[in-house]
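Undergrad: Here is what each chain is made of, one letter per residue.
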Amino acid sequence: MSVHLRRFLSWCGVVAALSWGTALAAQQPGVIQGRVTSQFGGGPVADVQVGIASLGLTTLSAADGSYRLAGVPAGEHIVETQRIGYGRTTQTVTVTAGQVLTLDFTLTDQAMELDPLVVTGQGSEISRRRLSTNIEVISNEMIDASPATRLDQLLQTALPSVQVRLTSGQPGASSVTRGRGPVSVSRSTTPVIYVDGVRVDNLNGLAELSLNTSGNRRQGTQTSSIADIPLENIERIEYVPGGAATTLYGSDAANGVIQIFTKKGSPGTTQLSIESELGWEAPVEKAFFFPQTADLLYRNGLTQQYRITGSGGNDRTTWSFGGSVHDREGYRIDNNASRSYQARTGLTAQLRDNLRYSGSFAFGYNHYERSRDGNAGGYTPLWLLEGGRIFALGFNNKLNEASSQEIEDLRDYLTQAEALQNYRVNVARFQMSHQFAWDARDDLTFNATVGLDHRSNNERGIETNEFLIFTGVQPDGTDDRGSIEQYDRRFLGLTMEAGGQHRWEKGPLSLVTSGGTQLFRDDDAQSERVALNVRDGSETVRGAGTTQADDYFIQLVNYGVYVQQNWGFYDKYFLDLGIRADGNSAFGDEVGLQYYPKVGFSYDLGAEQFFQDAVPANVISNVRLRGNYGVAGNFPPPFVNDRTVGFASYLGQQTAGFGQPGNPDLKPEKTHTLEVGGELTALSGRVTLQFNWYDAKTKDALFQVPLSPSTGEGTQLRNVGEITNSGTEFRFVADVIRNDRFTARLTGSYNTLNNEVTDAGGSPVFGISGFSSSTVETVVQEGWPVGALRGTASTLNADGTIAETQLLQYLGKPLPDKFGSLGFEVTLGDNLRFNADADWQTGAQLHSFNRQFRYLYGIDDPELPDALLTANPGPIRGNWLNLTNFFVEDTDYLRFRNIAVNYILPQGTLASWSDGIELGLAMQNPFGWWSSSFDPESDHSGAASQGAASVGGFNYGSDPSPRSFLATIRVRF
Amino acid sequence: MRLHDFNFRPASMRSSTLTLFTALTATFGLGACDLFDPTGVDNPTVTEETFLGTPNAAASWTRGVERQLASTINQVVIGTEVVSDNVFNNRTLFSKVFDIPQIDNSDFDVLNIQEEVHALRQMAAHGIDVVVPGDDDATDEIRARLHFYRAFGHLLSAELFVGLPGEPQGPVVEPATHYSLAVQDFEQARSISADAALDNAALLGIARAEYGAGNRAAAVAAAQQIKSAAPDMIRWVEYDNVDGPGNSMQFAVYDSGQDEFQPLPRLDFLFPKYYSEQAGDQSSIALLKGEEAYLILAEAALATGDVGGARTELLELLDVVASRPTAQIDDRGQSRGRQGGTWIYPNTSNVMVAASPTADARSGLVLTREGGLVTVPTVSGTSVTADMLADASTVDDMLYLVYLMRQEIFVLEGRRMTDLGIRLPTALDEALTNPNVDQGSPALTAQIPSFIPLNYGLDGFDYDDGDTLAVIMHDMNAVLVANKTSTAVLPFH
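Residue numbers (my numbering), protein chains in the order written: chain A, 4 to 976; chain B, 9 to 501.
For reference, chain A alone in the conformation it holds in the complex (with noise of 0.2 Å):
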């Protein structure tokens, strides 16, 4: 089948769906009534699913939580409540003839929850029990309850088998995201992110064409497109780790996906909310080897955070929107500020009695500034002061030791240095969402989903004169030398997907069979615009002495087609299977559709009779197992798969040279996982226990394999490799105490993790991160953890002198063996909840080059021999190099990332007109944990190319995450 044929009958395949979707069709004794309210703080909860199971009743709760099930025969019934976030709670009830009942419902929140309706990887809406595989859900209390202002720093403690690293303090920056190993060498680890049903933008690491203030390796100061996705107005959120769970988003899906849901409104009453927050960021002085680091550089940097929400409707449409502006000072001395402005709209409408459409639009404009980090060199503050460097400019690099004049006299000048940097980012980001639903029969439902994500990101840097002669690059009287760069990146991800449901049953058998074709495309342009000799004052590209410009395209069009089937017996045996077929612009021409097949079963072992016989409700009441196997696939970089030529300008001409060597059999990489796992609920519900253990391999890994050099061209992408990831993931939830007065709730996983690159496919070693193989690098080796260290290691005889060295050294790894999350949760009353979370994690190491650089030059650490020292007393130290393994750590920690206490007024107690005022205290980062003698979060681990992998592994000048504390009141009308 030809390129176009499919292109065609996929597109058309679409558009038949959607204008299917879009065709119409047609279609009491007593009633329930009552309101949700929530247990902290009493008020009302919206959205709740309240419903009759036998009967095929359900109905939603209003804003102010008020519910009604018309219809209700008479008799004894079990009305159910549901909603994510909250415990599931019935009531049995008997309602008479023509009776109008009243029927209150109470709800408590639960951290873990096992049956859930969850969207992500299923199609449509199914109940997570029927599911074979895991989702985790962060509900909407949840992410109103995070201090967080990004959506990778709220995931860092809400998602407890997946590591996030905010590896940078500067804002914006990028992160890394670590689920179930790095399944990639050549792909980015960051999930797949859809905003209602919409892919969008999920770059976490540079662009091809960016502002580079930190040398060779970004991180510290690469703009991530994950930390300006609108936060506001956000339902809830899921999360599936990848393998069979993401089968059915095919080529795009390896490393899990994150769905976000937004909030569309509920009929009643037009509820309103305001919320302010104040507070401060400061430095984490543990975080640096000098103390006075802390006091030099940064300082307590003002936050500020104001929010409106706002929501209502009546039976045929719904509303709700939020928006926000959030201000920082910065916490380094004149230096990364950010501002952001960010709003989000829902609606919901039924066009017709069986169609409904739902839309979500979002806007949100950031700005950072930015500052010099890692190894940029010249001035690059950290490295000047951590890594002893600032001797160079005359300055006393023992901080230690300095006199109170040395330091003062050095902050004047790191005060007027950090002055004179002038870089900064502003991105505007619209995200749009339009998804229709046909309820075409009452076990037939239709979905469609179109919608964008528009990202512009725009970054500049200004390097003065005047800079460049203050910190010693030019001399006294340069008027030349000046530069300005300019980079634009434009993003616009476009999203279709039409699908349909149908749900079965008949005696002990129900089937739900889901089907449906989607396609995105990426279009990424981006344009960098540079000039030299600019005069001093000027900040725009015109009119300097020289200019330069460049520019990068890419494209990308995934298209497939996906149908699963959802088998159950007794509603206690269940049995899913399911395929994707995918095509994708990035495959070889010789490469057709690929296909991701699934199958899993999972068994409600709760539910059989003899297990209920044999061990009593009260200890335990739940038990699920569940096991899989499924297929997910990474697509290749757009346009690699074509051999081109390469031209570039050279004295003032057009020349041709190698371009890239193509790939007519470039395919995705496939990650092959299988899954057991199950869940158990205990001691009348107060401990909840859940397991998993995966093994994945990834197969046909894409790997840059380096050319023989006598071919005279570079590297070519290749599916040559197999990485193998296993572990296991133990999660539990425990109500320790639990009363009409007093709850506290323990929470906490342990996960572990072995990665392997079982096979380089003959492919010789290649870096993936870090610097140089005579210096230290993160590389890809075939039977070594995906990015491990080398470098050259050397032993030492007993005089300190060196005995041995030996170059290329496995010294260690970036990931970790065990990880985990805690978390403790206490509620006073129905009005005060304290709570705290943390992760930690062993077995993981790290190099610091602030260290390396630090022997170098001659300043003593005392985690090295004394023998070394004596023997190499400096101030250079020649043989630095060589000893590069005496400079890889064990990162061990336990990082607390929030501590938190809310207040709920009781009603009334303030004012009449307001249905609830919340007061909060937060702090985030407050205080940690760690086993190296550097912050082992502080880590410069940028990725060698755009969309390339990045594993961390290097402290190299990179600042440190801030701590912060915050103070908020938010207040319901």
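Hint data in this document are derived by calculation from the structure and do not stem from the laboratory.
There is no bait here: all hints are sound.
Per label pair, the in silico range of CB-to-CB distance:
1. A:S459 <-> B:E182: 54 to 62 Å
2. B:F459 <-> A:N800: 26 to 34 Å
3. B:S331 <-> A:T718: 42 to 50 Å
4. B:A237 <-> A:G649: 35 to 43 Å
5. B:G474 <-> A:N403: 25 to 33 Å
6. B:D470 <-> A:P868: 28 to 36 Å
7. B:A394 <-> A:E404: 54 to 62 Å
8. A:T845 <-> B:L462: 41 to 49 Å
9. A:S459 <-> B:G380: 45 to 53 Å
No residue lacks a Cβ here, since even glycine has one placed at the ideal position from N, Cα and C.
Given the structure of chain A, go ahead and fit chain B onto it with the hints provided.
TA: Just chain B now, kept in the frame of chain A:
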């Protein structure tokens, strides 16, 4: 019309209406395919097939080879000058181990140099074998240039490496073979070129290749022809101040302002050689220059014991050097290591320099840069004088001066490492990806002659800030003469 009304019509009517609706939907849907087709992607870069069908592809490709040459020379000059005694990497940018010298087949910089040399040869070969035959507009001049650049790829392979494949994934061939291949291509270029400048460059390339191969007669013949035809010829490699590549050595010795590379103190007066007067200015690097012919002839004369003949050649060479331009340069940005360099270098003209602990100290070799403009040669310079040549009475005395002049005249041109007898290994990646190269091949080990001092000895000197005397630890020109019979150095001896 509400669609659910269909339910209340007779089946035949429902069927026909449904058919009509479906047809309308399909019609509109197909129209939408054209208007909103989101499936098309357009690679904005040019495929090889498309390129070969465009006019003047060979001319564009040849300019691309010239750009590649600039990149190759960049990498060669930066890497090999650090290996040699010419400069010391006084900071942490660029190679941190070549100064030792430590040269491993796994070293990123070794791989980079090899890749650049191969890229030059292969781009030229691809032009000759694929692009030119497919381009009716290709001229003899273009073919000649491509042969010239392929020859230069072989020449660099021969001069810099213990051994390298001569073709993609071919077996490692020794320098002698690369020299021979270089001569063949230079000859080919001469045979089809009507451009006198290219002809002279190819002729000097032949002289240089024959010199490297130790073929004295052939080298002398070519050098004599150059001396007659174009004694002051220069073939430049140009750098691009707008789109690059820029001159990396210029950055290291001048633009960086951070004292990256520091000269051996007795070479201070020749620096920076490359500089920028205006922001972005990029100095050219001499690929081949007439001085080489005199040096070859002088060394050839000494190989026969003809000290007088050598003196004559070198005296004429002094005239050529004197005719080369100098520039007045604002080099106040250089502090000779006083901005945190590993070593502190002499930086005032009152400092005398001894080439070794036993050598006499000489003045005039170090310039004071803080005071204002300094005058330095931009093509060739030397501290050797007619008096020194007159005083040299023995073969070894004169040979010493030949190598001192080679060092000074070719400084920062990437020639000194070869003169010192040091050769880079074939990169490990070649062995790992090329079935014709065994990982146990001797070509995978660098050639560092036993007389080369290790542990930074090549760059070492005694000097404390404020001293008026700097004493260099090893006079490598004297060492070369003392080891002239080594097969690694002095090809005519």
